[in-house]
Amino acid sequence: MPKFGMRTRIILLFIIVSIGGLVLLNKVFQSKHNEIHNSLGNMELSSQLREIRLHSKEDSLKAESLMKKFDSSKALVDITLGESRIATSVVLLLIIISSTTIFITVICRLSKPLKELKHATEQIRQGDFSVHLPETGIPEMRELKNSFNVMSRELETTQTRLLVAEKEMIWKDLSRILAHEIKNPLTPIQLVIQRLEERLESDCDKIKELLPESISIISQEVDNLQLLAQDFSNYAKVNQPNTEELNPALSIREIVKSYVQNFQINLELSDELRIKFDKTHFYQVITNILQNAIDASGADSAIDIRLYKERSYAVLSIQDQGSGIESKDLPRIFEPYYSKKSKGTGLGLALVKRLCDANDTIIRVKSKPDEGSEFTLIMDDLTT
Amino acid sequence: MFEALGTRIMVGVISLSMLLFSSFKGNDPQLGTINHYSSSSTLYLSGELLSAFDNDFDTVFASSATIPVYFTLKIKSGNRNVVNRQFKHLVKFNPATGIYELRKDGKPDVFRSSSMQQIVKEISQYSFSVPYQSSWGLISVSVQAEMPIVRFEELNKEVDLMVLWKYKKPSAKIQIDLRKAQ
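The listed protein sequences correspond, in order, to chains G and Z.
This note's numbering runs 6 ahead of the 1-based position in the first sequence.
This note's numbering runs 2 ahead of the 1-based position in the second sequence.
Isolated chain G (complex conformation) (with noise of 0.2 Å):
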């Protein structure tokens, strides 16, 4: 059965019941006619006065007089009794006609406008703030459209300004992290640099002895200046996936292999599953989770790491009995530039979620302070 819409469902009751109305209405009328009509044809006056033997020839004039205008009477009723059934269908058809598109007119005009408004809404459901309604219409309607066209302006000026506001605060925040990370390996760099001129004034003999030490000093700091340019660089160009046929467990024996040394790290890993992802992606996130559990963890703390099926999903779960997160601070970890950590910039666990994000994979945190994170990562199953 089709379905009708709100609009329809009411000019269809309309018209039923005007019509309906109407043709009832009309069927009594016509009834009424023909019993009139039929009366009518059995009033017979003149061929029983024809009969009557009159006396005079006034007589006859009279009964002829009265003929005529009784015959006259019943031709005349019987003709405007079909003028009147002739017009009571046509106006009666007329007025079904004019009133059905009088009201079709007025339901499509005011729905017209609903219809729009419906559009424009979707279009800054969409994000679209530049709608703009024309005020038409009933004087109610433009009211409608001219406060939905104000509130629309103002939402653009909102997000504008938003925006805006945005951006300048990522750039004060960039700014502020760059600034005190590129502050820290240079304070080092620069004390070396100091002693290093002293020893040059006073002792010019003992700079060589002092010379291995600086020199390592300054190459750990560069090393850790790289290494900011490093991830920021990797945060910036995350790029389309070169997705292929992963076999996890494989991959994630490979990354833990450089690990398993200094670290106890726990592995039960199902062979079988099979995901979609980016190589490089992946070692990516697994590196940056694990290195997260690492620096959360004591020395002796166990890291376990498991991969299994889960209906027609590949988990995988890598759970620190470490320091464990803040609930608060937990809807906040995959933002850029959000650490707890005293090292790090605060990309780690954003470039994970936007990598994992390239990747069609859900990734998930459970942690509790002082009892360790569990990081879970879902991907589709390819051998299901």
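Just so you know, these hints were derived from the structure itself, not from any lab.
Mixed in with the good hints there might be a few duds.
Covered by chain Z, according to a simulated footprint, are these stretches of chain G (three or more residues, beta-carbon under 8 Å) [claimed, not checked]:
#, region
1, 31–42
2, 64–76
3, 354–367
If you only want the chain G side, here are some residues facing chain Z, beta carbon under 10 Å, derived [as the list claims (entries may be wrong)]:
#, residue
4, L28
5, V83
6, D84
7, T86
8, K173
Beta carbons are placed, not taken as given, at the ideal position from N, Cα and C, and that holds for glycine.
Using the hints provided, position chain Z relative to the given structure of chain G.
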């Protein structure tokens, strides 16, 4: 042209509304085929009006008013109107005697009858004779029947008899090649 279009629309609306909403029968008059033959200079045309007086005319004919039926004859030669004439059939009833009298244009005799059926039969039939010129060549002959507004003197009232024909004016057309007819 606009008048004809207007009449057609009106007749269409009336027919549709009556079909949908009325029990009024009325009459659906039609003109039968036009019969013709010609002598050297006169064209004789005849035909019959069908289903024109079946309903409601008994009271109208018996009203003692003179009831006319008009037959309009138009003959066109090419785009030129060569004949445009109206013939009248008149019926009158005498209530005192119960006799109908019928007079037809062009016929000197008066037809009298007490039978309504006879009168209807007679009034429905028409026959005209018109002089023609052989130079007319191929002619288009059309006959249209209609009834006028009639005045009931006894009541001092006018009525449009076309109501009983549901405002339809029946017509018939024929083409005659006068060169062949000769």
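| task | Check each numbered hint from earlier against the structure, then list the numbers of those it violates in ascending order. | result | When the structure is compared with the hints, numbers 3, 8 turn out to be violated.
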